[in-house]
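Colleague: Residue numbers for the sequence shown follow this note's numbering, beginning at 4 and rising by one.
A couple of the hints might just be wrong.
[To be verified] Straight-line Cα separation of at most 20 Å, EDC-like style, residue types lysine to aspartate or glutamate; simulated pairs:
| # | residue 1 | residue 2 |
| --- | --- | --- |
| 1 | K212 | E288 |
| 2 | K140 | D6 |
| 3 | K216 | E302 |
| 4 | K212 | D297 |
| 5 | K313 | E128 |
| 6 | K306 | E288 |
| 7 | K140 | E309 |
| 8 | K212 | D6 |
| 9 | K313 | E302 |
| 10 | K313 | D297 |
Just so you know, the hints here were simulated from the structure itself, not pulled from any lab data.
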Amino acid sequence: MWDFSIGRSVSIMIRTWPFIVFRMVVYFGITLAYIMATGTGASVGYGVGHISTDPDGPLSFALWGGVVGFGIVSVAVYWIREYILYVLKAGHIAVMVHLIDGQDVPDGQNQISYARAVVTERFAEANVLFVIDQLVKGAIRAITGLIGGIAAFLPIPGLNGLVSFINTVIRMSLTYVDEIILGYNIRINSTSPFETARQGVVLYAQNGKTMVKNAVWLAVIMWGVSFVIFLLMLAPAGAILWVMPGQLAGWAFVLAIVFAWAFKAAFIEPFAIASLMQVYFATIEGQAPNPDWDRRLAEASSKFRELKDKALASFGGSRWTQPAPQ
Numbered sequence: 004m005w006d007f008s009i010g011r012s013v014s015i016m017i018r019t020w021p022f023i024v025f026r027m028v029v030y031f032g033i034t035l036a037y038i039m040a041t042g043t044g045a046s047v048g049y050g051v052g053h054i055s056t057d058p059d060g061p062l063s064f065a066l067w068g069g070v071v072g073f074g075i076v077s078v079a080v081y082w083i084r085e086y087i088l089y090v091l092k093a094g095h096i097a098v099m100v101h102l103i104d105g106q107d108v109p110d111g112q113n114q115i116s117y118a119r120a121v122v123t124e125r126f127a128e129a130n131v132l133f134v135i136d137q138l139v140k141g142a143i144r145a146i147t148g149l150i151g152g153i154a155a156f157l158p159i160p161g162l163n164g165l166v167s168f169i170n171t172v173i174r175m176s177l178t179y180v181d182e183i184i185l186g187y188n189i190r191i192n193s194t195s196p197f198e199t200a201r202q203g204v205v206l207y208a209q210n211g212k213t214m215v216k217n218a219v220w221l222a223v224i225m226w227g228v229s230f231v232i233f234l235l236m237l238a239p240a241g242a243i244l245w246v247m248p249g250q251l252a253g254w255a256f257v258l259a260i261v262f263a264w265a266f267k268a269a270f271i272e273p274f275a276i277a278s279l280m281q282v283y284f285a286t287i288e289g290q291a292p293n294p295d296w297d298r299r300l301a302e303a304s305s306k307f308r309e310l311k312d313k314a315l316a317s318f319g320g321s322r323w324t325q326p327a328p329q
C-alpha cells in the first residue's frame with residue numbers, strides 16, 4: 004500500500020508540539036478573524052440596510068457586508084502568506100527533517116528559535132524562499148503528465164473518463180511537493196537553494212511513480228478526515244451565525260469550510276509532510292539527478308526553466324552533485 008510509517012509521522016508531530024501549537028494559534032487565529040470580519044460586516048450591512056426603502060434591504064446589505072468582511076480577511080491572509088511560509092512552515096519542516104535523520108533538536112519553545120535560525124541560515128530573505136516555493140509549485144504540474152499519470156498503473160483501454168478523473172486526483176495529491184523539496188534543501192545544508200530545488204524536483208520526477216502512489220494514499224486519508232471535520236464543524240459554525248443579524252444560514256457552510264481548513268493546516272498537513280519526507284528521503288538515497296529528466300522537465304514546464312536559469316546563475320548552478328546529509 005504505502006511506504007511511510009503512520010506511527011513515525013505521529014511521533015514526529017508529538018515531538019514538534021511547539022510548532023503544532025504555533026500552527027493552532029496562527030490558523031485558528033485566522034479563522035477567528037474570518038468570523039469577526041464576517042459578523043462585523045454583516046452587522047454594519049444590516050444597520051445600513053435599514054436606510055434603504057427596500058423591505059429586503061437589511062437582509063441584502065447584511066449578506067453583502069458579510070461578503071466584504073470575508074474578502075478583506077482573505078486579502079490579508081494572501082499578503083501574509085510569505086511570512087507564514089518563512090517562519091511557520093519552513094521552521095516546522097526544518098525540525099521534522101532533523102528528526103527523520105535522527106538528529107537531536109531542542110524541546111519546548113526553544114525549538115521554534117532553533118528552527119528559525121536554521122531557515123535563516125539557508126534563506127537569508129523570506130522572498131528567496133517564496134520565489135523558490137512558487138517556482139517549484141509551477142514545475143511540479145508537469146510531473147503527472149511526464150510519468151503518464153494513472154495510465155502508468157492502469158493501462159486498460161476504454162477507461163478514458165476514469166483515467167482523466169484519477170489523473171486529476173493525482174494532480175491534487177501533489178500539493179506538498181514544494182514542502183518536500185524545501186525539506187531536501189534543508190537536509191543537505193544547501194548553499195545554493197535554487198540549484199538544490201532544481202535537483203530536488205528532478206529527483207522527485209525520476210521517482211514519480213513511488214512518490215505519487217504515496218501522495219495519493221495520503222490525499223485519500225486527508226480528504227476523508229477533512230470531510231469528517233467539516234461535518235463536525237457545521238454545528239458550531241451554525242451556532243455562531245445564529246446570533247448574527249439577517250438570514251445568513253448559508254454562511255454556516257462557508258465557515259465550516261474555514262474551520263475544517265484551520266484544523267487541516269494545524270494538524271493534518273504536518274502529518275502528510277512528515278510521511279512524504281520519509282518516503283522521499285528513503286527513495287532518493289544514493290541517487291543522483293538524471294540529466295534526461297532535467298531536460299524533459301525543462302521542455303514541459305516554463306517554471307522549471309525559470310528555476311533552472313536561476314540555478315545556473317547562482318553559485319554552483321551548473322553542477323549535478325548531491326551532498327550527503329549532515
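Colleague: It remains to establish, for every hint, whether it holds in the given structure.
Modeller: Checked hints:
no.	hint	result
1	K212 <-> E288	holds, 16 Å
2	K140 <-> D6	violated, 23 Å
3	K216 <-> E302	violated, 24 Å
4	K212 <-> D297	holds, 17 Å
5	K313 <-> E128	holds, 16 Å
6	K306 <-> E288	violated, 26 Å
7	K140 <-> E309	holds, 12 Å
8	K212 <-> D6	holds, 12 Å
9	K313 <-> E302	holds, 16 Å
10	K313 <-> D297	holds, 14 Å
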